[in-house]
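Residue numbers (our numbering), protein chains in the order written: chain P, 1 to 230; chain Z, 1 to 217; chain U, 1 to 217; chain E, 1 to 245; chain C, 1 to 245.
In case anyone wonders, no lab produced these hints; they're calculated from the structure.
Treat the hints with care, since some could be wrong.
Derived SDA-like pairs: lysine to any residue, alpha-carbon spacing no greater than 20 Å straight-line [unchecked claim]:
# : chain 1 : residue 1 : chain 2 : residue 2
1 : P       : K197      : Z       : D80
2 : P       : K197      : P       : S62
3 : P       : K197      : Z       : P79
Each chain, written out:
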Amino acid sequence: AAQQTLKVGSTPTGIPFTFLDTQTNTIQGVMVDLITEIGKDAGFGVQVEPMQFSALIGSLTSNRIDIIAAAMYITEPRKQQIDFSAPVYTYGDGLFVPKSDVKEYASLQDLKGLTVGVQVGTAYVEPLQKSGLFPEVKIYETIPDIMRDVNAGRIKAGFADLPIVAYNLQQGRFPEVRLVKGYKPMVVGSVGIGVRKSDSELLRKIDASLAKLKQNGTVAKILTKWGLQE
Amino acid sequence: MQGFLKDSIEFLPILLQGLRLTLIVTAGSLVLSTALGLLWALMRVSGVPVLAGIAKTFVNTIRGIPIIVQLFYIYFVLPDLGISLTAVQAAIIGLGIAYSAYQSENFRAGIEAIDRGQVEAAQTIGMGWGLTMRRVILPQAFKIVLPPYGNIMIMMLKDSSQASTITVAELALQGKLIASSTFQNTTVFTLVALLYLCMSIPLILLVGHLERRFGRR
Amino acid sequence: MQGFLKDSIEFLPILLQGLRLTLIVTAGSLVLSTALGLLWALMRVSGVPVLAGIAKTFVNTIRGIPIIVQLFYIYFVLPDLGISLTAVQAAIIGLGIAYSAYQSENFRAGIEAIDRGQVEAAQTIGMGWGLTMRRVILPQAFKIVLPPYGNIMIMMLKDSSQASTITVAELALQGKLIASSTFQNTTVFTLVALLYLCMSIPLILLVGHLERRFGRR
Amino acid sequence: MPMIELDNVHKSFGANRVIRGITTHVSKGEVVCIIGPSGSGKSTILRCINGLEGYDSGSIRFEGIPVNRTAKSITAVRTQVSMVFQRFNLFPHRTALENVIEGPVFVKREPRADAQAHGRLLLERVGLADKVGAHPHELSGGQQQRVAIARALAMRPKAILFDEPTSALDPELVGDVLAVMRSLADEGMTMVVVTHEIGFAREVADRVLFLDGGVIAEEGPAAELLTNPRNPRTRDFLRRVLKPL
Amino acid sequence: MPMIELDNVHKSFGANRVIRGITTHVSKGEVVCIIGPSGSGKSTILRCINGLEGYDSGSIRFEGIPVNRTAKSITAVRTQVSMVFQRFNLFPHRTALENVIEGPVFVKREPRADAQAHGRLLLERVGLADKVGAHPHELSGGQQQRVAIARALAMRPKAILFDEPTSALDPELVGDVLAVMRSLADEGMTMVVVTHEIGFAREVADRVLFLDGGVIAEEGPAAELLTNPRNPRTRDFLRRVLKPL
Ligand SMILES: Nc1ncnc2c1ncn2[C@@H]1O[C@H](COP(=O)(O)OP(=O)(O)OP(=O)(O)O)[C@@H](O)[C@H]1O
Ligand SMILES: Nc1ncnc2c1ncn2[C@@H]1O[C@H](COP(=O)(O)OP(=O)(O)OP(=O)(O)O)[C@@H](O)[C@H]1O
Ligand SMILES: [Mg+2]
Ligand SMILES: [Mg+2]
Numbered sequence: 001a002a003q004q005t006l007k008v009g010s011t012p013t014g015i016p017f018t019f020l021d022t023q024t025n026t027i028q029g030v031m032v033d034l035i036t037e038i039g040k041d042a043g044f045g046v047q048v049e050p051m052q053f054s055a056l057i058g059s060l061t062s063n064r065i066d067i068i069a070a071a072m073y074i075t076e077p078r079k080q081q082i083d084f085s086a087p088v089y090t091y092g093d094g095l096f097v098p099k100s101d102v103k104e105y106a107s108l109q110d111l112k113g114l115t116v117g118v119q120v121g122t123a124y125v126e127p128l129q130k131s132g133l134f135p136e137v138k139i140y141e142t143i144p145d146i147m148r149d150v151n152a153g154r155i156k157a158g159f160a161d162l163p164i165v166a167y168n169l170q171q172g173r174f175p176e177v178r179l180v181k182g183y184k185p186m187v188v189g190s191v192g193i194g195v196r197k198s199d200s201e202l203l204r205k206i207d208a209s210l211a212k213l214k215q216n217g218t219v220a221k222i223l224t225k226w227g228l229q230e
Numbered sequence: 001m002q003g004f005l006k007d008s009i010e011f012l013p014i015l016l017q018g019l020r021l022t023l024i025v026t027a028g029s030l031v032l033s034t035a036l037g038l039l040w041a042l043m044r045v046s047g048v049p050v051l052a053g054i055a056k057t058f059v060n061t062i063r064g065i066p067i068i069v070q071l072f073y074i075y076f077v078l079p080d081l082g083i084s085l086t087a088v089q090a091a092i093i094g095l096g097i098a099y100s101a102y103q104s105e106n107f108r109a110g111i112e113a114i115d116r117g118q119v120e121a122a123q124t125i126g127m128g129w130g131l132t133m134r135r136v137i138l139p140q141a142f143k144i145v146l147p148p149y150g151n152i153m154i155m156m157l158k159d160s161s162q163a164s165t166i167t168v169a170e171l172a173l174q175g176k177l178i179a180s181s182t183f184q185n186t187t188v189f190t191l192v193a194l195l196y197l198c199m200s201i202p203l204i205l206l207v208g209h210l211e212r213r214f215g216r217r
Numbered sequence: 001m002q003g004f005l006k007d008s009i010e011f012l013p014i015l016l017q018g019l020r021l022t023l024i025v026t027a028g029s030l031v032l033s034t035a036l037g038l039l040w041a042l043m044r045v046s047g048v049p050v051l052a053g054i055a056k057t058f059v060n061t062i063r064g065i066p067i068i069v070q071l072f073y074i075y076f077v078l079p080d081l082g083i084s085l086t087a088v089q090a091a092i093i094g095l096g097i098a099y100s101a102y103q104s105e106n107f108r109a110g111i112e113a114i115d116r117g118q119v120e121a122a123q124t125i126g127m128g129w130g131l132t133m134r135r136v137i138l139p140q141a142f143k144i145v146l147p148p149y150g151n152i153m154i155m156m157l158k159d160s161s162q163a164s165t166i167t168v169a170e171l172a173l174q175g176k177l178i179a180s181s182t183f184q185n186t187t188v189f190t191l192v193a194l195l196y197l198c199m200s201i202p203l204i205l206l207v208g209h210l211e212r213r214f215g216r217r
Numbered sequence: 001m002p003m004i005e006l007d008n009v010h011k012s013f014g015a016n017r018v019i020r021g022i023t024t025h026v027s028k029g030e031v032v033c034i035i036g037p038s039g040s041g042k043s044t045i046l047r048c049i050n051g052l053e054g055y056d057s058g059s060i061r062f063e064g065i066p067v068n069r070t071a072k073s074i075t076a077v078r079t080q081v082s083m084v085f086q087r088f089n090l091f092p093h094r095t096a097l098e099n100v101i102e103g104p105v106f107v108k109r110e111p112r113a114d115a116q117a118h119g120r121l122l123l124e125r126v127g128l129a130d131k132v133g134a135h136p137h138e139l140s141g142g143q144q145q146r147v148a149i150a151r152a153l154a155m156r157p158k159a160i161l162f163d164e165p166t167s168a169l170d171p172e173l174v175g176d177v178l179a180v181m182r183s184l185a186d187e188g189m190t191m192v193v194v195t196h197e198i199g200f201a202r203e204v205a206d207r208v209l210f211l212d213g214g215v216i217a218e219e220g221p222a223a224e225l226l227t228n229p230r231n232p233r234t235r236d237f238l239r240r241v242l243k244p245l
Numbered sequence: 001m002p003m004i005e006l007d008n009v010h011k012s013f014g015a016n017r018v019i020r021g022i023t024t025h026v027s028k029g030e031v032v033c034i035i036g037p038s039g040s041g042k043s044t045i046l047r048c049i050n051g052l053e054g055y056d057s058g059s060i061r062f063e064g065i066p067v068n069r070t071a072k073s074i075t076a077v078r079t080q081v082s083m084v085f086q087r088f089n090l091f092p093h094r095t096a097l098e099n100v101i102e103g104p105v106f107v108k109r110e111p112r113a114d115a116q117a118h119g120r121l122l123l124e125r126v127g128l129a130d131k132v133g134a135h136p137h138e139l140s141g142g143q144q145q146r147v148a149i150a151r152a153l154a155m156r157p158k159a160i161l162f163d164e165p166t167s168a169l170d171p172e173l174v175g176d177v178l179a180v181m182r183s184l185a186d187e188g189m190t191m192v193v194v195t196h197e198i199g200f201a202r203e204v205a206d207r208v209l210f211l212d213g214g215v216i217a218e219e220g221p222a223a224e225l226l227t228n229p230r231n232p233r234t235r236d237f238l239r240r241v242l243k244p245l
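Sequences are here, hints too, so could you generate the full structure?
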């Protein structure tokens with residue numbers, strides 16, 4: 001029988017999770033490798049479709065895609081809309097500041113009174129706004145926009161997904177920005193693969209395959225390939 | 001500069017893919033908005049109060065809601081009512097409806113600019129409303145309507161970028177994808193701006209030509 | 001429905017915060033675009049080829065580039081050249097410049113609609129170019145220009161939502177924030193649409209009034 | 001039976017009572033000229049006759065059919081009563097011949113070839129055989145007005161209404177148009193002509209109406225009314241128009 | 001020295017040679033009427049005199065000053081040579097009085113009160129004392145044209161150019177405007193009048209020019225040229241205008 005091909009919605013939040021490889025013009029990254037391996041194991045092919053983060057859940061619930069494989073945290077409100085697989089990878093927010101600022105911030109309290117920036121759609125917006133520590137929390141569309149403004153001095157610090165920030169700074173982009181090593185994330189979450197609530201059969205298959213791949217080291221191999229540790 | 005060129009060569013093929021969809025969405029919604037706009041305009045000038053009222057209400061409502069919100073409804077909310085469209089279909093319909101309001105105002109202005117004497121001359125040779133429109137008013141309104149029509153085309157071309165919010169992988173979305181993957185925002189946005197400009201320039205020249213040709217008397 | 005109401009009560013205060021910035025950005029860019037647009041229009045009709053050429057090139061370039069890209073440049077790229085603006089400043093300047101192109105075309109159309117005889121009458125009583133504009137042409141063009149000016153206001157109101165891309169926390173951005181944290185997309189977008197509609201309706205009524213008042217003769 | 005009958009016609013624009021009870025009739029073959037000061041309602045009464053305006057009370061009949069601009073019968077009236085306007089109102093996007101055949105082809109559904117043959121004949125008759133393919137903007141005012149007359153004739157009307165057909169013309173072009181109108185009158189066309197050309201009225205009209213303030217202030221045979229007006233207002237009006245200085 | 005001198009003036013619009021060598025002069029206090037068929041260049045030559053159009057060759061002088069529309073001196077010429085247009089060209093957004101004082105106050109910088117007093121006087125003189133506060137759309141054509149004449153007079157000009165000042169008027173309103181013009185002539189105003197009112201030319205003009213094809217085809221004292229034209233084209237033109245039918 002012809003292998004079933006499922007549509008996978010993803011969003012290029014950035015290297016290493018998912019991104020557009022401009023050399024090959026394909027979506028690459030941890031989540032793509034992972035869903036491809038899962039598909040191999042569970043017996044379905046995948047076709048990755050890029051879209052804006054904010055369109056992912058709507059596209060899934062309106063049957064335009066079958067799977068979300070993106071750097072999407074498993075959260076309560078999201079779980080009311082869709083189902084998630086077991087956690088794939090766990091991480092939190094990273095804090096970055098201009099290189100000229102050598103202070104070692106450990107928590108939000110140390111940043112009190114500064115203007116900070118954060119990416120729209122991430123889980124970090126609400127805690128920052130609710131903390132009441134900052135005169136202004138600026139909301140950005142993309143991480144590079146935040147880094148530009150840290151560079152330009154419009155904001156004193158930025159928050160974004162740690163692995164993405166780490167990877168990009170490691171690659172030598174934005175040399176004037178540094179990651180604060182000692183900072184403890186305010187939110188730690190796990191990303192998972194999302195499916196429609198009505199698709200419990202698919203979810204079962206994905207979870208089974210995911211467990212198997214964790215067991216046999218495939219997951220670890222993928223993570224290492226993209227410079228992440230378990 | 002060196003880097004800009006290298007990056008451009010790498011990014012352009014991806015952006016050009018998006019350009020194809022930009023053109024499809026623009027062309028599709030242009031056709032739809034023209035047809036719908038003409039319908040509203042004819043209803044407005046029909047002299048039938050009910051029709052005029054419906055058209056007016058519709059046009060005003062549409063004009064008051066940002067396109068992005070209209071697109072969202074058509075793509076994400078209509079499926080709840082059992083109408084599920086592809087992203088490109090939804091973009092064409094959404095932009096088409098949104099712009100039909102502008103088209104309608106443009107057509108109406110063109111129709112109303114025709115001298116009353118033309119209608120009267122048509123009536124005295126026994127023409128009814130339909131014949132008067134078809135043979136006398138619309139052919140003349142055409143010339144008046146053309147220059148602003150060109151401007152609407154330019155606006156649509158640019159506003160097609162809003163289709164990116166409902167997953168249409170057109171130029172702007174491709175640009176965003178590259179930007180967030182490579183962090184080369186400046187390069188990407190410059191390229192995107194240049195590509196839009198390249199598509200607009202023929203249109204702008206066309207409008208200028210039309211204005212010289214028809215605008216003055 | 002019950003849920004919608006409950007959510008609305010929760011979301012509205014947050015959205016209203018954004019509405020304040022929407023109004024500030026719209027008003028600011030309206031003033032700027034009007035001033036600049038008038039400048040371009042006067043350059044276009046000045047009869048001095050160099051001035052007319054500069055204004056034309058500027059207007060056409062601006063018209064060809066999506067607003068979102070212009071905003072990006074002004075906010076994110078200008079600091080590289082040592083000009084660092086706040087987000088609201090950048091939004092007002094970006095939208096103001098982008099819309100000055102539309103304003104200019106509108107003003108020019110209004111000026112050119114005034115009968116040549118008016119200019120000649122002014123000349124025969126010895127008026128120079130400036131006096132003719134100020135005392136004879138502009139006061140008359142004003143009435144012609146008003147109805148389309150109202151339409152531009154409505155468009156600006158909606159396009160101020162694009163300021164969200166450069167961190168201005170206006171209505172559309174507040175909407176996105178709520179939507180991405182609560183996933184009540186339908187409710188949020190409906191509220192956002194209604195709020196825009198509420199702001200547009202007085203403008204639409206105003207335009208209708210102006211058209212009745214000045215549009216016809 | 002008279003061809004056109006007006007019986008106590010009234011018409012207001014808002015509070016402005018423009019026609020205040022006009023009763024008259026026009027027989028087949030008759031040429032009636034209407035004169036009167038600006039605003040006296042001359043155009044309005046003409047426009048009521050072929051239903052371009054409605055009227056408030058009284059009745060207007062054409063060959064016994066009531067003229068009612070909202071009834072279906074209005075098309076029949078309009079194809080039989082043509083109108084020529086002060087400002088010509090030619091269709092600017094069509095040539096002279098196309099202007100002339102527009103009604104026959106699209107309203108009366110005559111075969112195009114027949115309509116064209118007839119149209120050429122009519123253009124020749126108004127002295128424009130060589131302007132068949134010209135667009136209105138390529139024609140002088142006098143030529144445009146003659147095309148407009150040909151367009152009216154193409155409907156093979158039983159009567160033609162003229163609303164100041166020469167007022168918008170350069171003085172030296174007036175003669176050509178008046179000559180065409182006179183030849184129509186000579187051939188027995190029923191005509192109602194609003195005009196300030198007193199000379200034309202005197203020579204061509206069977207009857208003249210002097211309108212003032214929406215009523216017929218004086219009415220009579222052309223020679224008599226124009227030479228010896230009885231009403232002082234008619235006299236004053238004629239003096240002003242004939243001897244402006 | 002004549003007030004206005006034209007010496008071999010030529011003017012083309014593109015390939016259309018509209019004025020082909022016109023030489024004449026107008027003395028202080030003289031009234032010159034220009035007649036001629038449509039398109040003969042009557043308006044163009046008038047517009048050249050106060051610099052609304054440029055000319056290609058030859059010279060035009062006003063009191064010895066060359067008329068050059070691109071030179072600064074043109075303002076001085078224009079404040080001394082007023083013009084009255086066929087279509088009135090009143091400023092529609094201003095009242096009659098405001099139209100009249102616009103030039104004195106904003107160009108000549110007279111105190112507003114003085115200009116107003118003078119303006120009222122002028123409006124009274126053209127018979128519109130009761131229309132001081134009316135806007136142009138509230139006035140009849142004849143009244144508008146009289147306001148336009150008052151506006152021209154308000155500049156205290158040395159000469160006034162009239163371009164068919166009564167052609168756009170209803171026939172019964174022509175007389176009032178001509179009467180005002182005659183009274184100006186009687187008081188010694190220098191006037192150049194393009195007109196089709198042959199009666200006015202005959203009674204008021206000192207001299208008449210017949211323009212045809214951009215040249216002066218005939219020129220002479222009014223009584224003589226209008227009664228016994230020597231040029232057959234003048235004769236033909238006069239016949240068409242005076243006896244249209
Ligand atoms: N469509 C209209 N709406 C309102 N008032 C009108 C309309 N048409 C004409 N009138 C008014 O009706 C009156 C008579 O107008 P009408 O055009 O019949 O006069 P007229 O005798 O033809 O004058 P003229 O010689 O200036 O053409 C005028 O006071 C005019 O203002
Ligand atoms: N601005 C212009 N551009 C091009 N051609 C023009 C312009 N003004 C006038 N003409 C042409 O110049 C010629 C003479 O025009 P002008 O207006 O001087 O004639 P006129 O004698 O005043 O005629 P009329 O009695 O119709 O007013 C005409 O052929 C006209 O088409
Ligand atoms: Mg009339
Ligand atoms: Mg002229």
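How the hints compare with the structure:
1. P/K197 / Z/D80: It holds: about 15 Å lies between the C-alpha atoms, which stays within 20 Å.
2. P/K197 / P/S62: Roughly 12 Å between the alpha carbons, so the hint for P/K197 and P/S62 holds.
3. P/K197 / Z/P79: Status holds; Cα separation ~16 Å.
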